[in-house]
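First to last, the sequence lines map onto chains A and F. Take the first sequence: its position 37, counting from 1, is numbered 37 in the numbering used here, and each next residue is one higher. Take the second sequence: its position 239, counting from 1, is numbered 239 in the numbering used here, and each next residue is one higher.
Hints were generated in silico from the structure; no laboratory data involved. From the three backbone atoms N, C-alpha and C, an ideal C-beta is built for every residue, glycine too. Any given hint might turn out to be false.
[Stated by the list, open to error] Computed Cβ-Cβ distance ranges for the label pairs, DEER-style:
{"#": "1", "chain 1": "A", "residue 1": "Gly88", "chain 2": "F", "residue 2": "Val373", "range": "28 to 36 Å"}
{"#": "2", "chain 1": "F", "residue 1": "Asn262", "chain 2": "A", "residue 2": "Val161", "range": "54 to 62 Å"}
{"#": "3", "chain 1": "F", "residue 1": "Asn27", "chain 2": "A", "residue 2": "Ile154", "range": "35 to 43 Å"}
Spelled out from the first residue to the last, the chains are:
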Amino acid sequence: MRLFTNANYPIMHWRKRAYAVTALLFLATFVAMGVNVAQLGSWLNYGVDFRGGTLVHLAFNRPVEITDVRAAARSAGREDWEISRFGGNNEVVVRKETFQENLGRSPEEDVRDALRSRFPDNTYKVVRTEAVGPKVGNELQYRALIAILISLAITMVYLAVRFEWRFGLAAIAATFHDILITLGILAITRNEVSLGTVAAFLTIVGYSLNDTIVVFDRIRESLAKPRHDQTYLEILNRAINETLPRTVLTASGTLVTLISLFLFGGPVIRDFALVLILGIFIGTFSSIFVAAPVLYFIQNKWPNKPARQQAASSRSARPRERTTV
Amino acid sequence: MFQNLKARLGLIFLLAALCVGILFWNNARKGAMVTLGLDLQGGTHLALEIDESKAALTSAQRSEAIDRALKVVRLRVDELGVAEPVVQKAGDSRIIVELAGLQNTNAAKDVISKAAFLEFQVVKRPEEAQSVVTRLDQAVARAFPAEAAKAPASATPAGGVFQQKTPAADSAAVGRPFSSKLAGAGSQGQLIVALKDTAAVARYLRSPAVLAALPRGTEVLWNVPSAEENKDVRSLWLVDSKAMITGEYLANATAGTDQQFNRPVVFFELNRRGGRVFERETGRNLQRQMAIVLDNQVYTAPIIQSQIGRNGQITLGSSTLDEASDLALVLRAGALPAPLKIVEERSVGPTMGADSVNKGFVAGLLGIVGVVVIMLAYYRLAGLFAVGALALYVLYTLGSMAALDAVLTFPGIAGLVLSIGMSVDANVLIFERIREELDAGRQVRAAVSEGFKQALSAIVDSNVTTLLTAAVLFYVGTGPIRGFAVTLGIGIIISMFTAIFVTRTLFTLYLERRSPAAQGLSI
């Protein structure tokens, strides 16, 4: 089977349309974040991992009406509890903004006390509890941000050394694009942002970079070859088309495993898988329609040395060493 | 290197055998091939911090306080009897406690938060100890008649000095259930219990009827289980239940060397009031042993050589300076400058953990099936090579995780499943190149060799950047993020090896077996 044999789509000519799509997604992202700030008080729906607080996950023996649980909490004077369904009909998650600092009492006791009147003890089990102090929450947020920034910086340096600075810059621009839009999706869906989400998020960053670099590698190679009256634009376009089969096949392989995670991995992993699935689409889109166009933009803005000279100085132009793998 | 096909195949098989071996060895040793994180096996995770709301600490004080607290928390966690508890320092101001399988978070929090309590208690003289053992024998015989009947009546266990001095009449009737569990007396007057008998002895000593038989003012304490000591036994100490002095009077303790004999000693300093009390007490108990007890466990029991006022020293005989600083730390731990508070608490029930593992497993399996189908449909024979490499990838990854003692967490499973999809990327790159070379009219062998060579730079560059990201995550991240980073990093390195080296070997094997004249390649 073969896909995209000798494909020659005028991808670079579509770049304006791609920019429009990107601009639209950015706009949606900012609007969603703005709405969230107004409604939730924060850009994203941070879970207890990040904002601090308490979570108690209950599994009832029988299907339960969420309104019943809410009523029980209300009658115990716990109006501030946020109660939501989790997975199927039997599971409920109770969230509290507060974090009890003193030792001894566990968050589940509070919940048990509040629900005792309506649900005698034996009708549910506490599946998990999480309690995170506000300081820890802030620290986790800070660390996640630092992790992303450092890895972006390191990648940029690596690409500048291995390729050329403009490749590094373009790759970072594409990655930044992915980060922003993924955040936008999180903002729109109000998917709870937990430590797991951060892991998913960083995976997307890695995947998208991976994808972009494969295309860039091909561009670098084409630039090093003697050109037959090809413009920079044509070279870029050619490289994208040549890597298209690989881009699509790898994305499909990854998507197959992710869809499997989404469908069969259970409710805890579903959010995680969803973020990744959307992220793969965005990452693939950006490595085709954003990375090379941005590279082209940079090239136009700060023109390179004459082509022949550049080819001579490029690393790939050196005779390849004989490597056995 | 590794031009030789046999050497390449040998390496592949050797690594595979190694991985299988490690996995089975781990399974036998720990009951699981790869250590599961708390989120998967169920358990409790606590993060503790020094509470500075009452007293501001300098950074030196803070670091010392955290070391002391670590010591204390470790001692207390051992009390919970959880298998393989993790107690470690995180950053410079936090302690992480992980208790696998423990469901009762409250009990854990109670034990951990209990105030560290240091006491100096006088050890009973051997003749007193002997009568206590006799009384205990009788009490146990009455409280546990069934077990007492089984106990040897006259046989003297090795080193059982106490039995020899006991009047024969006492033992003839009921046997000596308590002293028969003793493996002898230690050099410092403690009773030695073989590890296999500690559970029984502990049960006796928890029984109220047995405790009531102790002479008034006597207490039985276990020693601190320590790695340095003989691991097969634990010691029991009979001590005065009234403490000579408690940790609240202790001002400081430091390790040093004795100027006269150059032996390691621990210097301690009491406050003014403590000094007065201690002077009186040590004067009364000269030449007796003083047990240093933290949280009801005996740490060590030096002999009181002279009357001690505010400043004392404990000489540690043949011990090393390390042990001295250890003891100094324990002493200081008795007077933590600031209490501990819990800043993070997570617990996961075992059902959710088991459920997650099963679902993750099913999802992973189906994901693999999906990738296999795609690769076979798209690349046919070459796809089969990639599938072989994929199978080895899974085996090598699990094997490395087992070897590195990496903990498999929930995000880790997701990372692993995802990496299955991504691991074929290198093969896709290579195969696409081979197709291009074939299209350009090259011979099969040349096309294969050229395809591998051409794809290499893209594979290396794209993977190295991901590897860098994994490294950053490992250094900056905490908890599950770290687990994820380890899984990701291992996955990348191994996928490069399997996709390049293993597939290459399979290609070579295949090309060598077919006639050189044959044209075309199923790719």
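>> To test your reading of the hints: which numbers does this structure violate?
In response: none
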